[in-house]
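The lines below spell out each chain.
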Amino acid sequence: MPHAAPPAPPTPPDPAPDRGPGPRRAWWLIAGGGLALVALPGLLTALGQDFYIQLATRILVYGLAAASLDVLIGYGGLVSFGHAAFVGLGSYVVAAAFHHQTTGTSLFGWTGTNDALVAWPLAMAVSAAVAVPIGAISLRTAGIQFIMITLAFSQMLYFLAVSLRTYGGADGLALWYPSRLPFGLDLNDPTTLYYIALGALALFLALAGHLLRTRFGRILRGARDNDTRMQAIGFATGRIRLAWFVLAAAFAGLAGALDANLTLFVAPDGLAWAQSGELIVMVTLGGIGTLVGPVLGAAAWLTLEELLPELLDGIAAGLGAHWKIIMGPLLLGVVLFARRGLIGLVTGRPAGHAR
Amino acid sequence: MTGPPLLEVVEVTRRFGGLAANDAVSLALDPGSLHAVIGPNGAGKSTLLAQIAGTLRPDTGRIRLGGRDITRLSPRRRARLGLARGFQISSVLPRFSALENVALAVQARRGLGLAGLLVDAARDRSLNRPAVAALAEVGLADQAAVPAGALSHGARRRLELAICLAQTPRLLLLDEPVAGMGPDESRATVDLLARIAGGADDRPAPAILLIEHDMDAVFALADRVTVLVQGRVLASGPAAEVRADAAVRTAYLGTAAAPP
Ligand SMILES: Nc1ncnc2c1ncn2[C@@H]1O[C@H](COP(=O)(O)OP(=O)(O)OP(=O)(O)O)[C@@H](O)[C@H]1O
Ligand SMILES: [Mg+2]
Numbered sequence: 001m002p003h004a005a006p007p008a009p010p011t012p013p014d015p016a017p018d019r020g021p022g023p024r025r026a027w028w029l030i031a032g033g034g035l036a037l038v039a040l041p042g043l044l045t046a047l048g049q050d051f052y053i054q055l056a057t058r059i060l061v062y063g064l065a066a067a068s069l070d071v072l073i074g075y076g077g078l079v080s081f082g083h084a085a086f087v088g089l090g091s092y093v094v095a096a097a098f099h100h101q102t103t104g105t106s107l108f109g110w111t112g113t114n115d116a117l118v119a120w121p122l123a124m125a126v127s128a129a130v131a132v133p134i135g136a137i138s139l140r141t142a143g144i145q146f147i148m149i150t151l152a153f154s155q156m157l158y159f160l161a162v163s164l165r166t167y168g169g170a171d172g173l174a175l176w177y178p179s180r181l182p183f184g185l186d187l188n189d190p191t192t193l194y195y196i197a198l199g200a201l202a203l204f205l206a207l208a209g210h211l212l213r214t215r216f217g218r219i220l221r222g223a224r225d226n227d228t229r230m231q232a233i234g235f236a237t238g239r240i241r242l243a244w245f246v247l248a249a250a251f252a253g254l255a256g257a258l259d260a261n262l263t264l265f266v267a268p269d270g271l272a273w274a275q276s277g278e279l280i281v282m283v284t285l286g287g288i289g290t291l292v293g294p295v296l297g298a299a300a301w302l303t304l305e306e307l308l309p310e311l312l313d314g315i316a317a318g319l320g321a322h323w324k325i326i327m328g329p330l331l332l333g334v335v336l337f338a339r340r341g342l343i344g345l346v347t348g349r350p351a352g353h354a355r
Numbered sequence: 356m357t358g359p360p361l362l363e364v365v366e367v368t369r370r371f372g373g374l375a376a377n378d379a380v381s382l383a384l385d386p387g388s389l390h391a392v393i394g395p396n397g398a399g400k401s402t403l404l405a406q407i408a409g410t411l412r413p414d415t416g417r418i419r420l421g422g423r424d425i426t427r428l429s430p431r432r433r434a435r436l437g438l439a440r441g442f443q444i445s446s447v448l449p450r451f452s453a454l455e456n457v458a459l460a461v462q463a464r465r466g467l468g469l470a471g472l473l474v475d476a477a478r479d480r481s482l483n484r485p486a487v488a489a490l491a492e493v494g495l496a497d498q499a500a501v502p503a504g505a506l507s508h509g510a511r512r513r514l515e516l517a518i519c520l521a522q523t524p525r526l527l528l529l530d531e532p533v534a535g536m537g538p539d540e541s542r543a544t545v546d547l548l549a550r551i552a553g554g555a556d557d558r559p560a561p562a563i564l565l566i567e568h569d570m571d572a573v574f575a576l577a578d579r580v581t582v583l584v585q586g587r588v589l590a591s592g593p594a595a596e597v598r599a600d601a602a603v604r605t606a607y608l609g610t611a612a613a614p615p
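Sequences listed follow chains A and B, in order.
Heads up: the first sequence begins at 1 in this note's numbering, then just goes up one per residue.
Heads up: the second sequence begins at 356 in this note's numbering, then just goes up one per residue.
None of these hints come from the bench; they were simulated from the model.
One-sided excerpt, in silico: chain B residues whose CB lies under 8 Å from chain A:
(1) R435
(2) R440
(3) V447
(4) L448
(5) R450
(6) L467
(7) V474
(8) A476
(9) I518
Built from N, CA and C at the ideal position, the CB exists for glycine as well.
Just chain A, same shape as in the assembly (with noise of 0.2 Å):
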């Protein structure tokens, strides 16, 4: 023999084996907590915590945004840091169109609305327009680059709303009151807001659950395991990874339409990339690569982010106003004890990947 066999790679340590998106094993969670939630308004309502129902809510619309972003971070390994641009640029459509709307003023001809009906749909639309030239250049990049680069792109968005003085420039816009639902529904009562971010939330985790598992899905997981071997056999895995960015998005901006409607207001901070590292910090929190643990995880950040100060205040003064200080030990906990976030903890599934 001309030279010695090379020694056999080491097996990589425990592969955990990817099986799509599998709400199979954890069916009675999604039961469950589903139930849970649909039974959340009235209960708060029975206790008097009513309140609570646009934390509740809160938490369904960040969930939504997380989930989307774990599409592109656990299924595809792409780790945008920019996501909350396409969050923002959602909530910005809406209250674009309800400025122009309510001042009589116009865009291009355009006169704005308050229709939920047509101002959400847009605002989807607009955030994955944007989406297609950034993930288009953005994903010729891989690594540290792409988490670079989709931040760059944020950041130019952040600049472009603060320097829009129609929309309040870096001051932001308000709204005067919610969009206008069809069928006699009101959204200034909290609970219809409720269910509607339920239901959009619910759409998304089954979209997203069935479409991983199909060929257009096997591919975005199969160019994160392995970009070169997909490309081999043929696949073109730039273009479906630009599909699910453009997919990713546009729910994003779903999420960004009810936001504010849930806030009656939008200012760029909403765009910046320190939205962006809040909605990566929600998808480790909770899991990544599980789809509903980012849902967990935007509960558990964003409960104790109204719940921290108050404790804290209780403690001692003043105190609230550090609230992090709590916080980032209690995320690193998580990160090196629940290594597959919290959703993790709760199915008791083996430290792992996404599957």
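Once you have looked at the hints, place chain B with the ligands on chain A.
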């Protein structure tokens, strides 16, 4: 064989810094033939294969497949033209089952279609049936459900062959497919390669470009042999002639290739 060659490599040169890993390398492959490339470590064999597959671009020279210039085409486009490739270090999807690895190769050939958005791919029999057949052909049927990352080295090597088979290629590029295997597995794999080279009912015989250090394997399988030394073609011709070539014997077979 008559007719134009399937693959033509014309004066391909590729440098890494000052080193010419391939220096005006030319070779031609007839349809259905098996052409071995041998040479000592660092001779530039893998570099040549990478340029044919499209993951490396030549500095100068042309590569043609079926008469068509593919020098500037992406690996993906070349795969679409019927080229399949095994890597020197097995390249599989570690977190997917062996079956899914092969089913993906079938899927790549079939495309997306409406089913691509509606049907659970893991249960798609139109993908799984050919994949099972390819796995059976390489002797991995009983390990179909095992994640590729958990397979033994040899099994992963054969899985890569199954992936290539599922592509039903016109041209198959293999980089040391039996390296690192024990004697039994190695012998079985050489038999397997002979079967692949022979084709089957549902699959015409592909042309195979085989890089291999194992001389028994090379001379058992190859119609023609090209000897590469320091990036240059030292000799090229029918296997028996190359084996008898004095220059080859001294440069490669005689000295460096002496069994320990
Ligand atoms: N990406 C690269 N960058 C720099 N040098 C490279 C690169 N790839 C290969 N080389 C060099 O080019 C030469 C040819 O390498 P190549 O891998 O083609 O050899 P080979 O014939 O396949 O050897 P082996 O039998 O060990 O696999 C070697 O000297 C190698 O170090
Ligand atoms: Mg090599």
